[in-house]
Each structure stands twice: as C-alpha cells, then as structure tokens.
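S.K.: Single-letter residue listing:
There are 4 protein chains.
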Amino acid sequence: MHVGFIGLGTMGREMARQLLEAGHRVTVWNRSPEAVRALVGHGAEAAGSLAAVLDAEAVVSMLADDTAVESLLLSPELLAGAKARVHVNMATVSPALARRAADLHAGHGVGYLAAPVMGRPDAAAAGNLAVLAAGDGALLDFVQPLFDAMGRRTWRLGDRPEAANIAKISANFMLMSAVEALSEATALGEANGLAAADLLDVLTGTVFPGPVYSGYGAMIAERRYEPAGFRLALGLKDVGLALDAGAGSRVPMPLAGVLRDALLESVAHGEGDRDLAALGESARRRAALPRPDRTP
Amino acid sequence: MHVGFIGLGTMGREMARQLLEAGHRVTVWNRSPEAVRALVGHGAEAAGSLAAVLDAEAVVSMLADDTAVESLLLSPELLAGAKARVHVNMATVSPALARRAADLHAGHGVGYLAAPVMGRPDAAAAGNLAVLAAGDGALLDFVQPLFDAMGRRTWRLGDRPEAANIAKISANFMLMSAVEALSEATALGEANGLAAADLLDVLTGTVFPGPVYSGYGAMIAERRYEPAGFRLALGLKDVGLALDAGAGSRVPMPLAGVLRDALLESVAHGEGDRDLAALGESARRRAALPRPDRTP
Amino acid sequence: MHVGFIGLGTMGREMARQLLEAGHRVTVWNRSPEAVRALVGHGAEAAGSLAAVLDAEAVVSMLADDTAVESLLLSPELLAGAKARVHVNMATVSPALARRAADLHAGHGVGYLAAPVMGRPDAAAAGNLAVLAAGDGALLDFVQPLFDAMGRRTWRLGDRPEAANIAKISANFMLMSAVEALSEATALGEANGLAAADLLDVLTGTVFPGPVYSGYGAMIAERRYEPAGFRLALGLKDVGLALDAGAGSRVPMPLAGVLRDALLESVAHGEGDRDLAALGESARRRAALPRPDRTP
Amino acid sequence: MHVGFIGLGTMGREMARQLLEAGHRVTVWNRSPEAVRALVGHGAEAAGSLAAVLDAEAVVSMLADDTAVESLLLSPELLAGAKARVHVNMATVSPALARRAADLHAGHGVGYLAAPVMGRPDAAAAGNLAVLAAGDGALLDFVQPLFDAMGRRTWRLGDRPEAANIAKISANFMLMSAVEALSEATALGEANGLAAADLLDVLTGTVFPGPVYSGYGAMIAERRYEPAGFRLALGLKDVGLALDAGAGSRVPMPLAGVLRDALLESVAHGEGDRDLAALGESARRRAALPRPDRTP
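Residue numbers (the working numbering), protein chains in the order written: chain A, 61 to 356; chain B, 61 to 356; chain C, 61 to 356; chain D, 61 to 356.
Please note: incorrect hints may appear among the correct ones.
The list cannot tell twin chains apart, which means a pair is met if one copy fits it or any two copies do.
[As the list claims (entries may be wrong)] Calculated cross-link-like contacts (lysine to any residue; reagent style SDA-like; alpha-carbon spacing at most 25 Å):
(1) Lys297 <-> Thr266
(2) Lys297 <-> Arg351
(3) Lys297 <-> Thr264
(4) Lys297 <-> Arg344
(5) Lys143 <-> Leu199
(6) Lys297 <-> Gly69
(7) Lys297 <-> Ala156
(8) Lys297 <-> Leu349
(9) Lys297 <-> Thr127
(10) Lys297 <-> Asp125
(11) Lys297 <-> Gly253
(12) Lys143 <-> Arg91
(13) Lys297 <-> Gly308
(14) Lys297 <-> Arg160
(15) Lys297 <-> Arg180
(16) Lys297 <-> Arg159
Everything labelled a hint here was simulated from the structure, so no lab data went into it.
All chains should be built: construct the whole structure from the sequences, respecting the hints.
M.R.: In structure tokens:
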C-alpha cells in the first residue's frame, strides 16, 4: 500500500520503518528534515509538501499533541485536496479533537480513524506495539495490514474514533494511579520501618504481578528516576487529557485530580524530565522523609 | 507443636484446620461455641477459658479488628499468666496496636509476632495464604512450621512486628486504588461510547495482567457486585487503617482520602455488603450514568 | 472621553450605560444587534464595524470568555489599524490570555489593561462594581474616570495585567470554597440532627459575618437554588480558570480539584443552571440524604 | 449555684474565674495542682477528689479531648455516686463520645449537656465566649446563668447533645477550609506576580469581610506564624473529629480530606506548634515557592 506518514519523532520514525520493512511504499513528512533524511536512507520517499503526503492511499500521523494535529492537519484547504481514502491518527490526543477531526474529514470525503498505541520506542522498533483502534469497520479492515506491521495486536473498539482515544487515556491514567499508589505505600512503609524492596516483593508476589508494578516499583524503591522511560511531564499532559475528557463528558475523576496535583508538585520541583516514578519523591517530600529517627 | 488458636471466623476456622491437618495439637477458643464444636469434630481441643489457650507453646490469633484484640488479649492479667513462648497475631490490625501489643507482651515475657495474611477463605481452606511476617527472627523460625501449614509462602519483613501490618495495609490500599481507578476509567468510557468489556480487554492485554484487574474489572464491567469476595464495608475499615497509619507516622496519603470518600458514599447508598467492585457504581452515580443520550 | 465598548451582555450593557450617564461618548458593538439598539436608545452610537470601535480613545471589552476575546479581538490585522490608546479587558479571562493579549497589543502600539470586576448585574446597573485593575500606571490613570463611573472602588494590583485576572480568579475560587465547605458542614449536620438554620446562625454569628456565608448559607439551608445569582455552570468554568492558572504556574490547588469534581457532579445531575448553592445538593447526594431514620 | 469545675487548662481556668466573679460557688479539680492553687486564690474551693466535684449541683468539664473525658469521667462507679443534677461538657469532643456519655449519664440519673465554646483564652478571660449548647431544655434553662457568666451569647441547638459538638466541629472545619483556600490563592498569586497583601485587600474589601479572612490572611501574607493563636496540630485533631463524624454518619467530606493532608504535611515538616496560618507554607512548599524567576 502507498502510505503517507506524518511525524517522525522517536515513535513515528520506528513505526514508519516497520511499514517499510513490511514492504509498503512510504512517503514521509516531518517538520525538521533530519528525520526525513534518515527514513529516506531506509527506503522512504520524502514528500515535497504536506499536501503531497495526502495523495497516498492511507495517511498515518504520529504528532505530539492536539495542537500539532490541529495546526498541521485540520485545515479545510488541505483536506479538500486530499486523495487519501483514510487518515489514521495514531497519536495520544483528546476525544474532543477526534470528534472535530472526524467531522471535518467526513466533510471532505476522507475517512478518519483513531489508533493510538501503547508501548515505548523499543516496542515500536520491534513492531511490537499495542494498537487501540476505532472507527469505520471497512476502513479498519483496509489499514489492518499497517497495524499488523507496526503492532503485535490490534484491539477494535467500536465505530466511534474517540473511543480509542478514551481507551489510551484511560490506560495511562490507570498506570499513573498505580505509580502514585506505589509511591504513597512506599512512603508509608519508609516511615514505619518497612523496606521498600520488601514491600515490593510482597506486592508483586501476591496481587500485582506484571511489569508495571515490578518496573516502577523497583525505580521507586531504588529512588532511581533516570533515564526516563515515561517522562513525568508527559504524564502531566496525559492526566490533563483524562481530566479534560472527564469534564467534557461530565465524569468526575477524583483520582485523576490527585495525580494532577502530585505531578504538578513534581514539575514545580524540577522533576519534569525524570521518569514518572519520581512521583515517589513527591510522596516522600510531602511526608518530610527521610527523618532523623525512624520511629513514628 | 501445641498451638492455641483464638478466633474461628471464616478465615480462622480454615487456618486452624490446616494446623490440625499438618499434625499439630490445636486448642481452640472462640466467642461463640458453634465454631469450636466444628473444629473439635476435626480433632481440636476446646479450651476451657481464654487463659487456658495461652498455655500452649505458641498462640495464634485471628480476630476481627483492633478492638477485639485489645479487649480480649491485651490484658496484663491474662498475659501475666501465659506460658506460651509467642503470640502470633495474624489479623489485619493497625501498626499502633502492634506496637502496644509488642510492648505489653515483652513486659510479660511473651514474644509477639505480626503475621497478617493475604487470601480469601478458599485460599485459607487450601493452605494457600500469603503470610506477611515480622518480628524477632528466632521466634519467626520457631513458628515457621505453622506458617508452612497455613500458607503457600511467607515473607519476612524485618524485626519490627508493625512492618508486617503496614505491608498488609499497603497491599489492601493498593488493591482498592486499582479498583477505584478501574471504576473511574470505566465510567469515563461509558460516557464516551467505549464498552467496559473492551476497555478491560485492552488493560489486561497490555499493562495490567493478573487477577486483580481481570477479576474486579469483570465485575465492574458486568455490574455484578454479589456475592462479595471482599466486602466493601471491610474495605472502608481497611482504608481507615491506612489513613490512621499515615496520620500516626505523618505521611499524607491523598489517594487513600479519595478512596475513603468513595467507599463512604457507597456505604451511605446501602452498598456496604456488596463487593468492593461496587466502587464502580459510585463512579457511575457521580457521573449520573447511564444518560438518555450517549453523546457527551 | 470617547469610549469604544465591545460586548453588551447582562453585565456589559449596564456598564456601558454607566459610562453614558457619566457623560462619556460611547460607541458600542455587539454580536447581536438587539443590545446595540437598546444602548443607542440611551445615547450610545452604534459602530459600523468592530474596527470602527477601535478608533475611540479607549476601548472597553466585556466578552464571555477567552475564546470570544481571542476570536474577536486578538487579530493582528484589527490591532494594526487601531487608533485607541488603550484596551481595557474587563472580562474574567485567564492570565495566559492576558499575557498573550498584552504582548500582541504592545506589538501594535496599543496599551492593554486587565480590569475584571466583582459584582452582579444589579451592582453593575448601580455603578457599584469592584474593579480589579492591573497594568501600566499611566494608562490606569487615564481610564480611572471610566472605572469611577462603573465601580464603587478600584484596586490597583501592579503593572502586570494578568495579576488582576489572578485576583478575580482567586476571589471566585475562595467564594466557591466557602460554599462547598458550607455544603459539607450542612450535610454533616443534617445527618446528625443539627438543623441547617441553626448551624448557619452559629456560623454567621461567630466567625463568618458577611453576605457570602449568610446568603449562600440561607439558600443551602432552605434548599432554594433558583433564581441563580451565580450560575453553577459558570462556577465550573471559573474553577477551570483557577486550575489552569495553577497548572500554568505549577501551583497545585487541591481544594480547587475538589470543587471541580463537586461542580462536575452537579452539572451531570442537571443542576448547571441552578445557583452555585446547589453544591449543597451534591453534598447531600453523596451522603444519600435524607435518610429514613436520622440516627447515624 | 454550686458548680463543680473539672479541667483548668488555658481555657478552663478563665471560665472558672468568670463563674466565681458572677458569684457562684465553684469547687475545682485539675490533674496538676498548680492551676487549682491559682483558682483557690480567686475564691474557689479545691476538691478533695474527682468524686467530690460531682457533689455540686452542676458540673462543668473542660478537658483536652475524648480520651481525657473517657478516662476521667465516663466511669460507672463515679457516676453512680454523683449527686449533681447535670454535667455540662464544654470541650471540643466527638459526637460519638457525646452519645456514649449521654447514655451513660442517663443510666445513672445525671443529666448530660454538650456546650462547646468558640473563642480563644482572651475571650474566655473576658466572659466573651460563644456557647453552642444542646440537650434537654429544662437542664439548659438550669445552667443558663453559668453560660451567661462565661459567654457573650448562647446558641441552643436542639435536644440532642451531639448536635452542639457537630456545630463546633463544623465551625472549625469551615475556618480551616477558609485558611487553606487563602493559602492556595496566595500561592497562586505569588507565582503570578500578585502581591499577597493586594490579594488580601481585595478579598476583605469585597466578599470576605470579618476577622477570619483579615486575620489569617495577614499572617499568611506576612508569613508570620507565631505566636500561635490556633495551633496547627490542634487543627489536625479537629479535622480528624470532622472526618470521624463524617465517617460515623456516612457523610463524605472531601474538603476535610484535603485539609487533613495539608495539615499532616505541615506537621511532618515541623510546623505543628505554629499557627494554623502555616498552611500557607504548605501551599508554597508544594509549589516550590519562591522561585528564582517569577515568570510562570
């Protein structure tokens, strides 16, 4: 298939390479040219303009956030000239944007799918992402070969594109809730003579198997927050997406409010570029740990 | 070993049976006599008095809460006459109680261990509990055969008994945090056209494997809150233990505060005897779900 | 002075009338023409275009929110042609907007002042508003006669316009905090046999004199939420401004998070057009009040 | 009237003196003898024992907390021998204690009234307290002369004693909510270039007249937290009373949860002996203020 690919950041460049390796023809566009050159070295074609990318059969975009999508792609002029059958937005954006985008695309005869992904750059480089996809079923069938190239599994989440964005936002919200809970429990333990490694060993050996608890738990227990697998500042953006989605659909999310405050406090203390696990420091700081004596 | 066993509730009676099956001599005491009779049918001896139980080599207690332990066992008169080498408190109680108990026992030459367990009655009936134990190492060695009879694995969490209580309280706090996060995410999904089963499928297939998310998630998705595996009212008690432990050691736990409010709201609405998963209803009620139209 | 006035809503029309009554020449513009006609009947001139309003010496705007200001007034083309010395934005908008607006105006040689007001339409109709003003001192001196016509008192809050927006946002945040506290306390009283009127009588007779507590308190005590003096949905918008301002400057505001959730719950239950005092219903609903029996 | 008075702390000693000055015969008891001697110097009689105090016509107690009342006065033996017609508990205690106390007193034919007070020691010394009284009307009539001697006004809050405790707890909760709101708003202002004194001037000049906002506001603005008029650690105790009362009657109080966390954080940072206004420091600490540059 001829695929247009927009957005060659740390995730996008790996995803585009997977499409190339699967034998697709890929025309790429990126704001800065370095990433384009690298992809061309792997067999991609450089688009002369953004409009040119939209001449492919399917367009995949992987941009940073709502603002980037809005300013680059949600232009009536651009869409009016598009020949693509479908635009697959794989970024983590708001459901509100998904609704606006779907309406605008429909008005210009271009299909719109939401297919945000879960997984870090190394998973993207291995074609191992989890793809959360929603929108028109026929269009999903059409681009399934692309999902198969980029991901290990695709979940189909109904015919409303925004449902996929909600799923992604929810997964990140739940991940951050788990990290905050780990942080509070670890601080409680530290203040009461329970070693963080012991607590973690109990948790992962009983109710919480799986990489989230063991991975973040180890970082919190060791107070090791770099390198950042999931930047804390990005988490603050994501919890904002959850809160905005909640506000937009009138769903109070008190846990998300607590997360926002803890993340904001962390960013205020200069920890925005650390890993999300630095929430552990925030919990310790609130409790004024460590303390000279351990006895409560 | 000759073991005194105090407290034959739904958990205690199964634990005592495991001790009997492992060949220990077990003298039992319970406030109501029915449970005693049942255990005697399985080979236990009925104690003539509470004091008589304390003549065994080791005493295990599995009482309902701090108040029960305090009123029954933390009596100077009772402890002064005890011949037991050690008292193992396996209930979920506060670290503050553990400290008082350890001091009081020490004053009368009786060892005190905290060894709360994780697992439901069916796990207890299969000798399959997780035992979280803390206190003096020699005493832990002494009662390890008892732990082996009742549990599948024992974690040793240091020489301060209260550390084990903190671990148990933390595990329950984290479990409840996960259920509340599931509840909020599910309500967000429902308000935005994402089916609960789809969301759950994504979560358990990506970041959250393991029985907690799949088990509670299914109950929330199906709005099936009975029979109660973990009574919601018991969760409210447990989050109170977490908040009190936090207050006692000056550790703010904002997530626990959110849990307390959600649980309290559930109990106010008559859901105290439902499963903890009924937190899902609380999230739906706050969002006034279901709504006549799904569009936010 | 020749004043251009943009935005003749329930507040703006009264403020413009006060300017007319004080003898100023006022050229008005409004999106819908009815309000313009009414003002012309009181001596105003109707502007032929938005650009024409900006030919006055000073321009006052009183628009609904950030979006309205952004789309109508923050246009480089419009400002490039403006002859006005200063634009006074008297609406409740975000500090972020104030910063952007001040920069943009400066680039086109137009002064920018923020002067949000406190008071309801009846206070506006009586020239009795409280004016919270910030920006360049000489410009503030220049428009002080306008403030004197519209308000009973002007506070000068420094030379950074956004400080005035922060003051307004903070005042509304504090007002809403007081109403939520009243709501929670009243629900606690109701559940414990303390009459709301009695509680209110104690509070206003001891620590909380003043119209906020007595006014909102009476509405909560009587469960009378209409007519809305301060629409609850508007409160939700305002707490959003507070949270966004906090996020923008990395200041966690946990109380504001609680307010947002309570307001969101109220809006979900169809109470957005009631008075802010309907927060009292939200607190009662969470507690499942009234209950068949009063005994806790 | 012959009055027995128990508890001569900083409040109690002044209240007892007011009774003496009003011409009542006062027999006093206190755990430590110094305060007794001082009162005897003003005309009081020293009780030979606690039981002897209960021989007066009316007994007033002003003890530190639930535990003190429970251990000293809620003894069946003591009450069985009491000749007093009524015991007036003027301390800030829990409604749960009030219920237990009322039942126990009734069982021994002694009336029980709750009459907590508002006001600091200087108000007590001037007979200027606000008395919040509840219980049997005839008994309230009987002790009204005592209230008149100690207070400037008495509120009668129904015939259930605990209602008065709820009123006192609610008033303190609302006071603390106001201080936390001031703290968050002041931090927001500081991070955005709005001087604390300016914000305070706006607030007290518009919606929040009265001593609470001006008094605590000035302390927060000036970051002056000593001497403590209302010790922060005492506030933590009081918010605990509110949360426990809420839990006991199944009333979620999310604002109280936020207060508890902020107070706990303050105590963890060594500010328990400062004034409640030190909540302002907590808000600043969370926001990492002051910052090298003021621009957000």
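S.K.: Evaluate each hint against the coordinates.
M.R.: Hints and how they fare:
Taking identical chains as interchangeable, the C-alpha atoms of Lys297 and Thr266 lie at most 25 Å apart only when they sit on different chains, with a minimum of 21 Å there against 32 Å within one chain. Taking the closest pair of Cα atoms, Lys297 and Arg351 come within 25 Å of each other only across two copies (22 Å); inside a single copy the shortest separation is 32 Å, beyond that limit. With identical chains, the CA atoms of Lys297 and Thr264 are at most 25 Å apart between copies only, with a shortest distance of 24 Å across copies and 28 Å within one. Proximity of Lys297 and Arg344 under a CA criterion of 25 Å is satisfied in both settings, with 23 Å inside one chain copy and 23 Å between copies.
Taking the shortest Cα distances, Lys143 and Leu199 sit within 25 Å of each other inside one copy (15 Å), while across copies they are farther apart (54 Å). When the C-alpha separation of Lys297 and Gly69 is checked against a cutoff of 25 Å, the pair qualifies only within one copy, where the shortest distance is 17 Å, while the shortest distance between copies is 35 Å. In this assembly of identical chains, the alpha carbons of Lys297 and Ala156 lie at most 25 Å apart whether taken from the same copy (15 Å) or from different copies (17 Å). In the homo-oligomer, the alpha carbons of Lys297 and Leu349 lie at most 25 Å apart only across protomers (22 Å), although the nearest pairing inside one protomer, at 27 Å, exceeds that limit.
Proximity of Lys297 to Thr127 under the C-alpha cut-off of 25 Å is found in both arrangements, the shortest distances being 12 Å within a copy and 21 Å between copies. In this assembly of identical chains, the alpha carbons of Lys297 and Asp125 lie at most 25 Å apart whether taken from the same copy (9 Å) or from different copies (23 Å). Taking the shortest Cα distances, Lys297 and Gly253 sit within 25 Å of each other only across copies (23 Å), while inside one copy they are farther apart (35 Å). For a Cα distance limit of 25 Å, the shortest separation of Lys143 from Arg91 inside one copy, 21 Å, qualifies, whereas the shortest one across copies, 38 Å, does not.
In the homo-oligomer, the alpha carbons of Lys297 and Gly308 lie at most 25 Å apart both inside one protomer (16 Å) and across protomers (12 Å), since each shortest distance falls under that limit. With identical chains, the CA atoms of Lys297 and Arg160 are at most 25 Å apart both within one copy (20 Å) and between copies (21 Å). Taking the closest pair of Cα atoms, Lys297 and Arg180 come within 25 Å of each other only inside a single copy of the chain (17 Å); across copies the shortest separation is 36 Å, beyond that limit. Taking the shortest Cα distances, Lys297 and Arg159 sit within 25 Å of each other both inside one copy (19 Å) and across copies (21 Å).
Hint check: no violations occur; every hint is consistent with the structure.
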